[in-house]
Amino acid sequence: MSDIRLERVTKRFGQTEVLHGIDLAAASGEFVVLLGPSGCGKSTMLRLVAGLESVTTGRVLIGGEDVTERSPAARRLSMVFQSYALFPHLDVAENIVFGLRVRRVAAADRAARLRRVAAMVGLAHLLDRKPAQLSGGQRQRVALARAIIAEHPICLMDEPLSNLDAKLRHEMRIEIRALQQSLGMTVVYVTHDQTEAMSMADRVMLMRDGRVEQVGTPDELYQRPATTFTAEFIGAPPMNILTPSGAGWAEREPDHAPLPAAASGARVGIRPEDIALADHGLPVRLHAADYLGADSIVTARVGDQEVVVRVPGRLRVRGGETAHLTWASEAVHAFDATSGRRIEASETQ
Amino acid sequence: MSRRALVHVYGWLLLTPAAILLVAFTHYPTVTTVVQSLFSTGSATRPSRFVGLDNYRFMLDDEVFWKVLWNNLWYALGTIPASIALAILMAVWVNRAIPARGLVRMAYFTPTVLPMIAVANIWLFFYTPDIGLIDQVLGAFGIPAHNWLGDPATVLGCIIVMTVWKEAGFFMIFYLAALQTLPPELEEAARVEGAGRWYFFRRVTFPLLMPTTLFVLINAVMNSFKLVDHLFILTKGGPDNASSLLLYYIYEVAFSFFDEAYAATLTVVLLGALAAIALAQFLLLERRIHYR
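For the record, the sequence lines run as chains B and A.
The numbering of the first sequence is the working numbering, which starts it at 13 and goes up by one.
The numbering of the second sequence is the working numbering, which starts it at 30 and goes up by one.
By construction, these hints were calculated from the structure, which means they are not laboratory data.
Virtual Cβ for every residue (Gly too), placed ideally from N, Cα, C.
Treat the hints loosely; a few may be bogus.
What the hints assert, rightly or not - Covered by chain B, per the in silico footprint, the following chain A stretches (three or more residues, Cβ under 8 Å):
#1 96–108
#2 212–218
Said to hold, decoys possible - Chain A is nowhere near these chain B residues, computed Cβ spacing over 10 Å in every case:
#3 A39
#4 A62
#5 S66
#6 L89
#7 G111
#8 V114
#9 M132
#10 L139
#11 H182
#12 E187
#13 V224
#14 S257
#15 A259
#16 Q317
#17 V320
#18 R326
Pulled out of the complex, with its shape left as it was, chain B reads as follows:
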């Protein structure tokens, strides 16, 4: 059993409370991503699970057992650090088996496990190198290998990919996810990068200022954001959150740019990829276009509000042209103007 549960956990540093009563449940074998902007408390939360920090109030349970007072080692978990935390004076092999030596695993067993794990992460030919002689991606693999070789059912990862370049990050995402699934590990993974969360997670817990904003599958967070914060955090470019009144909106053709009935007084959210340029709809002035290859991100203005649209292929915008935006009625999300909470479709009709 390797499920993790946090019950009403708070954490205070001096006078500052950084976590305000958080619940978390990660089932055995689940890949849970803690997502949020920097300073939201996600790393602190991971350190509470690891036992590197102690909770102020609340309980931490692993496999149904209360481990709140236990040391990190007694929680039987592995951890991958953002800086990799490799021991610079030890070679790759010694870095990987560091924990096995601590726990006095027999030499033969140690060697066999090292061989297996090194092959798994593709380090077999680098075992006698020092960390300083490795590239960033290779160091990352050493850190992963050190976490895997322990054969602990739980692995905690604190922004493990943030020091890698974009291409490597993409490869490692796939690799980490594949490792997690083949080994059946429970992973809690901290990141501020929503792409990592969307592509790797079974479940995402989006945090904001020491509170849980929304928990759900990547699909749920994308399709049904509970708040404008979630809506703007998930997706790249982020969802447009608009106030459908004022200049420009009066000339809207409702057939081509539909809005929910309760839109008056509410704010509406429409994803850039759900909007198209057309001959009818909401009249806008085009401002600029970012060409990304497969598509272009076009910035348009309606009144003093900015709308971002994703259009396929290349679109040249000189600035100042007029155009019309159109979208399907299912694509529109409605949010309460003051609380920012989602208004369900059933409530609006």
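Take the given structure of chain B and dock chain A to it, following the hints.
Same frame as chain B, now just chain A:
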């Protein structure tokens, strides 16, 4: 002049001030010392003359020389490992989050800041028979008074203790600086793996401190041959040369007995020994040290 030559002139001009100081106060005296050690000490009636290695032969027969050399060896063995171990211990201790950390760090460093003459006077009071601090404290437990500095059996030990007290705080600063460059994640990673404090120190902290240890070691060795000021205050090398060290003996030979040639001979031996030790340390330890 060509551009290339100008660059050389420019380079030499930049080097000149340092070179003048080095030559005037280090290289030239070293060379004259070596030369002087090959001549006899001159006097009004007998001028100095070339004697070859006679001074060295005399040295090998000089009992006092052997005595102070052994003293120096014991002094080095007594002060260096102890002060380094103590320095690491204090540095690891004050590197952690403890109450009044700044105050504790300062307290450990204070002996280093104090002038050696003042330190020696303080310890002179500690070691004074009957009325000194040590005898007073021991007397309270019924232990009879002892002339710590007057007894050849205890005098060198007394000086070693004082030197360790003086040096450890100085070396601590270097270790503290080195410790603060170690990323805290290393300790956290080790904690997650279940490594205890001692295990982590033995396998991670200590090896990563090795560059500092080499530096401190060389400094400590030099100091053990260099420190003499406390001998002037405490013992004047006595009793019966029991606390005399090589440099103090050189001072005595040169400025009390006015035997300049013999003093030069002893100096050459001291320089040679220091150079050999420094070289050995570099060659032996260098390969086993991890530099980042």
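For each hint, the structure was consulted:
1. 96–108: violated (count 0)
2. 212–218: holds (count 5)
3. A39: It holds; A39(B) is separated from chain A by about 22 Å at its closest Cβ, greater than 10 Å.
4. A62: 6 Å, violated
5. S66: 13 Å, holds
6. L89: For L89(B), whose nearest Cβ neighbour in chain A is about 7 Å away, the distance does not exceed 10 Å, so it is violated.
7. G111: 3 Å, violated
8. V114: 5 Å, violated
9. M132: For M132(B), whose nearest Cβ neighbour in chain A is about 19 Å away, the distance exceeds 10 Å, so it holds.
10. L139: 17 Å, holds
11. H182: 25 Å, holds
12. E187: The assertion about E187(B) holds, with a minimum of 21 Å to chain A.
13. V224: 25 Å, holds
14. S257: 51 Å, holds
15. A259: 53 Å, holds
16. Q317: 44 Å, holds
17. V320: 38 Å, holds
18. R326: Given a closest Cβ separation of 45 Å, the condition holds.
Against the hints set out earlier in the document, violations occur for numbers 1, 4, 6, 7, 8.
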